Amino acid sequence: MRNLLNFLMRYSTWFVFAFYVLVSLVLLFSFNTYQGAVYLTSANAVTSAINESTSDVTGYFNLRTVNEQLQARNAALESRILNLNNEIKHLQTLIDDTVRYAGLPPRFDFETAYVINNSTRHPRNYFTINRGRLDGIEPGMGVVDQNGVVGIVNVCGKHTARVVSVLTKDQHFSVKIKGTAFVGSLTWKENDPQTAWVEEIPRHSRYRVGDTIVTSGFSTTFPEGIPVGTIMSQVRSNDNNFFTLKIRLGSDFAHLGTVRVLKDELKTELDSLRTFDRKDD
Amino acid sequence: MNSNPLNIFVLFVAITAAQVLICNHILLFGVAVPLLSVYFIIRMPMSMKVSLLLTLSFLLGLAIDIWSDTPGLNALACTLVAGIKRPALYAYVQRDDRVKETIPNIATLGLGTYCKYMLTMVGIYAFLVFSIEYFSFADVKEIVILTLCSSLLTFLLLLGLDSLITVRRH
Chain A
1 MRNLLNFLMR YSTWFVFAFY VLVSLVLLFS FNTYQGAVYL TSANAVTSAI
51 NESTSDVTGY FNLRTVNEQL QARNAALESR ILNLNNEIKH LQTLIDDTVR
101 YAGLPPRFDF ETAYVINNST RHPRNYFTIN RGRLDGIEPG MGVVDQNGVV
151 GIVNVCGKHT ARVVSVLTKD QHFSVKIKGT AFVGSLTWKE NDPQTAWVEE
201 IPRHSRYRVG DTIVTSGFST TFPEGIPVGT IMSQVRSNDN NFFTLKIRLG
251 SDFAHLGTVR VLKDELKTEL DSLRTFDRKD D
Chain B
1 MNSNPLNIFV LFVAITAAQV LICNHILLFG VAVPLLSVYF IIRMPMSMKV
51 SLLLTLSFLL GLAIDIWSDT PGLNALACTL VAGIKRPALY AYVQRDDRVK
101 ETIPNIATLG LGTYCKYMLT MVGIYAFLVF SIEYFSFADV KEIVILTLCS
151 SLLTFLLLLG LDSLITVRRH
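Chain order of the listed sequences is A and B.
Residue 1 is where the first sequence starts when you use my numbering, and the numbers rise one by one after that.
Residue 1 is where the second sequence starts when you use my numbering, and the numbers rise one by one after that.
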């Protein structure tokens, strides 16, 4: 027994070293799949409290740019409303004797949030928002800002949530070229927060440099038609049947401010249909 | 800076805050990240027990990881660098009682030796951080570029920081 104790005492430093290395490796390899561990992310109470107070100060730095972007977006939406109103009036006079079209109930609702912690320099980037489970946020919800898609909610705390940014290697988003049905897969590869890639675009599709890339709507995360970026150039793909597009992302990921979390009212219904299919198999 | 626990605690908090609130948001020319956290390990007194140094380094890495959403990355890199702190210093100085009691800095080691020691520690730390983060042979080029540029930036930053601390003391 004494020998054993002597042995342990003599090599205690090595045991301590091995223990910490082991704990770090466990965290490194198992953590990303273990979504429940909110306390080990930036969405925990202490981290987010400090992040919130820091962002209270730094949040003022980019207000001018954000304001300009919002005004542009506001103007675009106002003109769209005017156009739609005109269209409705026109249609009403045409079909006054027929049954009125009441329209579909809105499928997506949104919650406004503020980014309190953000990173763009890692191969896998996350940002934290100041809305959490108590505000109805759940993992899997899409997040957009005034310029387009920015990420998907990944871990939820009570009052904060961590979002997987578009700037994440191995993360794919279903997108398409605006106005067409050519669907591809958006991914991010380089250490450049402004450019991304759209892979698996069919070879026969037509596009021009500067065309907009929008979400395809093939998931419950994002509705169809939310802008993602614009086409910069085409690059050679490994597969001859498809090509890859290099795109400039619409959102400025280095200065994310106010974002909107999208809630799909049909998510539960669609998810239950998917489970139903699986049970059937 | 001396081996007083309060001073060590203040340095721990200051380094963590500076890394997560400032340095984490800097990417100079798209290739250089200031990795300030290694300064804590560099400046710990040589008389400190290795197990305590390993524990403090692990905790520092873990604190930075929680903030940066990089679980285990900095914790592993800090623990490994803390493990090689002694060999790194003894590669440049004689192993005698005088060194065993010192706190590594320009005054105790001399500019040349201190720079070599610091560059070794910073280089190894940067290499570990980026290798663990990318974890793929496909990204070797990126890992090498990021390691070289970040080491240089961090080295200059730490040298400046050291001079500031020394000037203040004099």
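Hints were generated in silico from the structure; no laboratory data involved.
Just so you know, these numbers come straight off a predicted model, no measurement behind them.
Ideal Cβ positions, reconstructed from N, Cα and C, are used throughout, including at glycine.
Treat each hint with caution, since some may be false.
[Claimed, not checked] Partial selection, computed: residues in chain B whose CB lies under 8 Å from chain A: (1) 67; (2) 75; (3) 84; (4) 87; (5) 132.
[Said to hold, decoys possible] Simulated pairs of lysine-lysine, DSS-like, Cα-Cα distance not exceeding 25 Å: (6) 141/B - 246/A; (7) 169/A - 141/B; (8) 189/A - 141/B; (9) 89/A - 169/A; (10) 263/A - 246/A; (11) 158/A - 263/A.
Hint check:
| no. | hint | in the structure |
| --- | --- | --- |
| 1 | 67 | 6 Å, holds |
| 2 | 75 | 4 Å, holds |
| 3 | 84 | 10 Å, violated |
| 4 | 87 | 13 Å, violated |
| 5 | 132 | 7 Å, holds |
| 6 | 141/B - 246/A | 21 Å, holds |
| 7 | 169/A - 141/B | 17 Å, holds |
| 8 | 189/A - 141/B | 14 Å, holds |
| 9 | 89/A - 169/A | 48 Å, violated |
| 10 | 263/A - 246/A | 29 Å, violated |
| 11 | 158/A - 263/A | 17 Å, holds |
Figure legend: structure checked against the earlier numbered hints; hints not met, in rising order: 3, 4, 9, 10.
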